[in-house]
Every structure is written in structure tokens, then in C-alpha cells.
Amino acid sequence: MLEIKSISKIFNAGTVNEKVALNGLSLTLNTGDFVTVIGGNGAGKSTLLNSIAGTYPVDEGKIFIDNIDVTNLPEYKRAKYIGRVFQDPMVGTATDMWIEENMALAMRRGKSRGLSWAIKNSDRKYFKELLSQLDLGLENRLSTKVGLLSGGQRQAITLLMASMNSPKLLLLDEHTAALDPKTASKVLDITDKIVESNHLTTLMITHNMSDAIRLGNRLIMMNEGKIILDISGEEKKNLTVEHLLQMFEKVSGAKLENDRMLLNNE
Amino acid sequence: MDITGLLGAMPGAVAQGMIWGIMAIGVYITFKILDLADLTVDGSMVTGMAVCAMLMAAGWNVWTAMLIATLAGMGAGLLTGIFHTVMGIPAILAGILTQLILWSVNLKIMGKANQALPARKFDVLLTQLRTNEALIVLVIFCVVIVAILYAFFGTKFGTAIRATGCNEKMARAQGINTNRNKVIGFIISNGIVALSGALLAQYSGKADINDGRGAIVIGLAAVIIGEAVFSRFSQSFILRLTGVIVGGIIYYIVYQTVIFLGLDTDLLKMLSAIVVAIFLAIPYMKKTYFSKPGKRNKEVQ
Ligand SMILES: Nc1ncnc2c1ncn2[C@@H]1O[C@H](COP(=O)(O)OP(=O)(O)O)[C@@H](O)[C@H]1O
Ligand SMILES: [Mg+2]
Numbered sequence: 021m022l023e024i025k026s027i028s029k030i031f032n033a034g035t036v037n038e039k040v041a042l043n044g045l046s047l048t049l050n051t052g053d054f055v056t057v058i059g060g061n062g063a064g065k066s067t068l069l070n071s072i073a074g075t076y077p078v079d080e081g082k083i084f085i086d087n088i089d090v091t092n093l094p095e096y097k098r099a100k101y102i103g104r105v106f107q108d109p110m111v112g113t114a115t116d117m118w119i120e121e122n123m124a125l126a127m128r129r130g131k132s133r134g135l136s137w138a139i140k141n142s143d144r145k146y147f148k149e150l151l152s153q154l155d156l157g158l159e160n161r162l163s164t165k166v167g168l169l170s171g172g173q174r175q176a177i178t179l180l181m182a183s184m185n186s187p188k189l190l191l192l193d194e195h196t197a198a199l200d201p202k203t204a205s206k207v208l209d210i211t212d213k214i215v216e217s218n219h220l221t222t223l224m225i226t227h228n229m230s231d232a233i234r235l236g237n238r239l240i241m242m243n244e245g246k247i248i249l250d251i252s253g254e255e256k257k258n259l260t261v262e263h264l265l266q267m268f269e270k271v272s273g274a275k276l277e278n279d280r281m282l283l284n285n286e
Numbered sequence: 057m058d059i060t061g062l063l064g065a066m067p068g069a070v071a072q073g074m075i076w077g078i079m080a081i082g083v084y085i086t087f088k089i090l091d092l093a094d095l096t097v098d099g100s101m102v103t104g105m106a107v108c109a110m111l112m113a114a115g116w117n118v119w120t121a122m123l124i125a126t127l128a129g130m131g132a133g134l135l136t137g138i139f140h141t142v143m144g145i146p147a148i149l150a151g152i153l154t155q156l157i158l159w160s161v162n163l164k165i166m167g168k169a170n171q172a173l174p175a176r177k178f179d180v181l182l183t184q185l186r187t188n189e190a191l192i193v194l195v196i197f198c199v200v201i202v203a204i205l206y207a208f209f210g211t212k213f214g215t216a217i218r219a220t221g222c223n224e225k226m227a228r229a230q231g232i233n234t235n236r237n238k239v240i241g242f243i244i245s246n247g248i249v250a251l252s253g254a255l256l257a258q259y260s261g262k263a264d265i266n267d268g269r270g271a272i273v274i275g276l277a278a279v280i281i282g283e284a285v286f287s288r289f290s291q292s293f294i295l296r297l298t299g300v301i302v303g304g305i306i307y308y309i310v311y312q313t314v315i316f317l318g319l320d321t322d323l324l325k326m327l328s329a330i331v332v333a334i335f336l337a338i339p340y341m342k343k344t345y346f347s348k349p350g351k352r353n354k355e356v357q
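Each protein sequence line maps, in turn, to chains A and B. The opening residue of the first sequence carries number 21 in the working numbering; numbering runs sequentially from there. The opening residue of the second sequence carries number 57 in the working numbering; numbering runs sequentially from there.
Honestly, the hints are just simulated from the structure, not real lab data. It is possible that some hints are incorrect.
[Stated by the list, open to error] DSS-like, lysine-lysine: derived pairs with alpha carbons at most 30 Å apart:
no., chain 1, residue 1, chain 2, residue 2
1, B, K225, A, K25
2, A, K140, B, K212
3, A, K213, A, K140
Please build the complete structure, drawing on both the sequences and the hints.
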């Protein structure tokens with residue numbers, strides 16, 4: 021499904037600020053994999069997702085989605101295969117536009133955009149149906165500007181948008197990190213539901229270790245631009261947070277003590 | 057003072073206001089919809105005037121002349137778009153570069169600094185010598201332009217352009233070619249600006265290399281006035297576009313009145329710029345100096 025062959029990404033190469041964000045990383049996802057991604061700050065998690073999405077080119081390596089080499093495709097062309105939700109709720113939606121306009125934009129992802137009306141009445145019916153599944157009372161607010169919604173509502177809508185047209189890949193970058201705990205857990209439930217019901221192949225970065233263990237069928241841990249742990253199946257089900265922390269220490273030779281991950285494993 | 061003199065000048069002010077209102081719709085597309093400041097317009101306005109005047113002086117039909125003038129403006133927009141997206145030049149600078157290029161091009165088009173287009177000799181659509189008739193022509197132009205743009209920005213293509221201006225990151229994540237859309241925005245915008253130039257040349261009976269100087273400021277003023285007047289009533293797109301034209305009309309009514317009150321006309325451009333600066337500063341000042349902490353993030357939960 022997704023095949024990443026030893027990609028590297030170096031920021032500010034040749035300067036004092038040089039930073040190797042991805043260091044020959046390889047990863048293969050099977051169709052339907054729901055992979056949670058953890059790792060300390062600066063481990064390269066976001067860079068990995070941005071590289072897959074084409075936000076910037078990688079310096080080395082190749083990326084295939086369904087055997088299509090997307091390494092040199094610009095971001096907007098790769099979007100055909102990829103749905104995304106970002107950490108910042110402001111980023112995933114167009115705030116000055118209505119809910120239905122945002123959803124209509126997402127519905128054309130990977131398709132041509134001609135001179136026919138952006139939204140038909142049948143589309144509205146479909147949007148309402150999708151929105152009512154969120155259970156946030158948004159189904160009757162199709163012509164509300166997204167900018168007037170709360171962060172949680174926006175992330176939920178962005179999730180719906182990202183899952184439209186059954187993308188080959190869903191990329192979630194700490195998409196609940198900016199939300200309060202209650203909203204975050206609601207959005208996470210919605211995420212699980214959407215991924216399940218659409219059988220989406222998913223990469224989800226989280227800083228919450230227990231979420232990373234609870235959700236998905238596979239867990240990878242990153243450190244210094246590499247994948248240092250890759251756990252799936254039964255082994256993943258039996259994981260505990262303590263266990264994970266121990267493994268991190270063993271593999272990386274460092275303690276996670278001062279890291280954000282520790283603070284967030286409630 | 058002769059108040060009837062002022063009243064008599066009003067139809068002319070409204071007509072000029074509508075022409076600049078059309079121009080301001082071009083500014084609205086880049087400044088408001090695409091969130092880019094495009095200074096090409098000072099040049100493309102004159103390109104529209106020059107092309108229309110020269111072609112008509114050479115005996116071309118008025119509609120063909122206006123069409124070619126519009127296409128010439130679109131070409132100017134394309135150039136700015138390429139400077140900005142392909143060559144990575146900041147939008148403001150890209151516009152200034154094209155503007156400077158157009159200064160030379162416009163001089164070459166006319167072969168001199170100005171070209172007369174007297175209404176008694178040429179078959180123009182509108183002239184300041186017959187303001188009532190000019191008003192009817194302009195109302196038709198305004199209605200058609202607003203209607204076409206309203207429809208266009210309601211299409212799949214049009215909403216993708218709006219998304220490009222609203223949130224580029226989101227647009228790209230939704231598979232929208234944001235660079236191409238920006239170029240198209242520049243093209244449409246400068247086409248409309250050149251069309252208004254073609255109308256202005258006919259209306260005033262001349263094209264002059266200096267006529268575009270400060271056009272961007274008048275355009276911004278119309279956009280801002282229109283927003284101040286209309287946003288109270290409605291957020292609908294068609295009313296916003298209409299508001300821009302009304303903004304142009306209000307601008308020229310105030311302009312005429314100020315002249316009538318005996319203000320030194322040398323100061324007019326400065327005053328316009330100051331008024332625009334103040335209005336552009338208002339949103340920032342409100343946020344920085346007047347907002348109460350609790351109100352800053354007004355969200356509907
Ligand atoms: N656009 C960028 N420019 C320069 N350095 C960057 C950029 N993006 C990320 N980095 C650096 O690359 C490293 C990995 O960052 P990132 O992938 O965001 O980490 P994570 O998401 O795991 O916290 C960090 O050291 C970060 O400072
Ligand atoms: Mg990150």
C-alpha cells in the first residue's frame with residue numbers, strides 16, 4: 021500500500037542549523053493498517069508525514085503509494101491519494117468559507133474542478149448525513165462559516181473531509197493535541213469510527229502513549245529520524261505504557277524523562 | 057457657493073465612480089479573495105485605456121477594441137502571476153515590476169504620452185458629454201460583471217480559487233493547484249481592470265500615461281468603503297461585489313464634493329492615501345489596542 025524506501029530529509033543542509041530530520045527511514049504499510057506513531061519531540065514524526073504528503077521534497081529515497089511512485093509529485097497532486105488532518109485546527113479548513121463549501125472542496129479532491137456549481141442539493145443531503153454521524157449538531161449548520169466553530173468541531177469536520185473519496189492513506193498529525201481533554205477524546209472516538217467504517221490505511225501521530233496502544237493494529241516509535249520500534253498484532257495488544265518506556269530506553273540508550281511523552285500518558 | 061453646481065456634477069461623479077468601481081472589483085479579487093496585494097493595476101488600467109483608444113483611433117469597432125484591451129490586461133496579470141509563482145518574487149514586488157514594464161509598453165502602444173478619443177469623432181459606448189446615457193451603459197456593465205463573477209465564484213473552479221486565498225495549506229491538501237489559481241486570479245483581476253480602463257478612455261475622451269497613477273489606492277478605497285457600508289447588512293458575496301461598486305461611487309461623490317468645497321486638488325491623492333491607510337489600520341488597531349481579553353477569541357461552542 022504505502023512503501024517508503026530509505027528516505028532522508030535534512031533541513032538547512034550545510035549550515036550550522038543543519039538538522040537530519042529523517043535518516044534513511046523505511047516503512048511499509050499494508051492495506052487497512054492503522055498505525056500509531058510515537059516518539060519524542062523532534063524525532064521526525066511530522067517530517068515523515070509531510071514527506072509522504074509532499075509538503076516538501078525528500079533528499080533521498082523513494083515513496084510509493086499503491087505502487088505509484090509519488091516521490092516527485094507535487095503536494096496537490098498527491099492529495100488525490102491522501103487525506104490529512106493537522107495539529108492546528110485552523111489549518112485543515114478554510115475559515116472564511118461555509119461548512120458545505122469546505123466539504124464540497126474535499127469532495128473534489130483528486131478530481132477536476134470545472135465550471136459547474138460547487139454544491140448540488142444532493143451533495144447537501146450527503147453532507148448532512150455525514151455531519152449527523154458526528155453527533156455535534158452540525159448537520160443543520162451547513163451555511164455556517166467554519167471560522168465560527170470551535171477547534172474540536174473543526175477537527176471533526178476536517179476528519180470527515182479527509183476521509184471523503186476513500187483516500188488510499190489517512191495522515192493524522194497530533195490532530196487532538198490542541199483540544200481540551202474531553203473534546204480530544206471525543207474527536208479520537210470519531211477518528212476510530214471513521215477509520216474503521218471506511219477501512220482507511222492510517223498513520224496517526226500521537227503524544228499520548230495509552231492512545232497509541234489502545235488504537236490501531238500497529239505501533240511504531242521514532243527516534244532521531246528513524247523507526248526504532250515496530251510492534252503489531254498480539255504483541256501490541258499486550259503493551260503497557262511502562263513496557264513502552266522501557267523498550268525506548270533499551271533501544272535508544274536514553275531516558276524519556278524530560279520528554280513530553282511522559283507527561284501525557286495519563 | 058453654488059449648490060446647483062455641485063448637484064450638476066453628481067451624475068458625472070456617479071459615472072466615474074462606477075468605472076472605478078469596476079476597476080475596484082479587479083482589486084477585490086486579488087486583495088480580498090486571493091489575499092495578495094497586486095500593484096499591476098496602476099499599469100494595466102492604462103493598458104486598457106491605451107489599447108482601446110489606439111484601436112478605436114485606427115478605426116476598429118468599439119467592442120473589438122474593448123475585448124482586446126481586456127485581453128491585454130489579462131496578459132499583464134499573467135506576467136505578474138508568473139513573476140510571483142514561477143519565479144518566487146513576492147506579490148507586491150511582482151506587481152511593481154509589471155507596472156514598470158507596462159509604463160514602457162503603454163508609451164509604446166500610444167507612441168506618445170496620450171491619445172485623444174473625442175466622442176464626436178468616434179463611435180464610443182459612453183461619454184462624459186452625455187452622462188445620463190453613460191450611466192445606463194455603466195449600470196449594464198456593472199450588473200453583467202457582478203453576475204458573471206458571482207456565478208464564477210460559486211462554481212467548483214471558483215470555490216477552489218477562494219480556498220486558495222483563504223487557506224493555501226488546506227487548499228493544497230485538498231488537491232488544489234494553488235499556484236495556478238493565483239495566476240488565474242491575477243489574470244481575471246487585471247482583465248477587469250483593463251476593461252474599466254477601456255471604459256474610462258471612452259468616457260473621458262482620452263488615454264493618458266498618467267491616468268493610472270494611484271489606481272490601486274482608489275481601488276482599495278472603494279473596496280474598503282464598500283465593505284464598511286455593506287458588511288453591516290449582509291455577508292452575501294453578491295452584495296459584497298455590489299458594495300465595491302457602491303464604494304467607488306461614494307468615493308467619487310466625496311471627491312467631487314471636496315473639490316467643490318475648494319480644496320487644493322494637488323492634495324487629493326495624499327488625502328485618499330491617508331484615508332485608505334486609516335481604514336487598513338482599523339482591523340489591526342482594534343485587535344491590538346481595543347480588544348478585551350475575553351472577547352479576543354469569539355467562538356461558538
Ligand atoms: N521546516 C523545517 N525547517 C527546519 N527544521 C525543521 C523543519 N521542520 C522540522 N525541522 C526539524 O526537524 C526535526 C524533526 O522535526 P519534526 O518532524 O517536526 O519532529 P516531531 O514531529 O517528531 O516532533 C526537528 O529537530 C525540527 O526542529
Ligand atoms: Mg510534530
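Here is what the structure says about each hint:
Between K225 (chain B) and K25 (chain A) the CA atoms are separated by roughly 26 Å; this keeps the pair inside 30 Å, and the hint holds. The straight-line distance between the Cα atoms of K140 (chain A) and K212 (chain B) is roughly 11 Å, inside the 30 Å bound, and the hint therefore holds. For the hint pairing K213 (chain A) with K140 (chain A), the CA-to-CA distance comes to about 27 Å; that is within 30 Å, so the pair holds.
Of the numbered hints given earlier, the model fails none.
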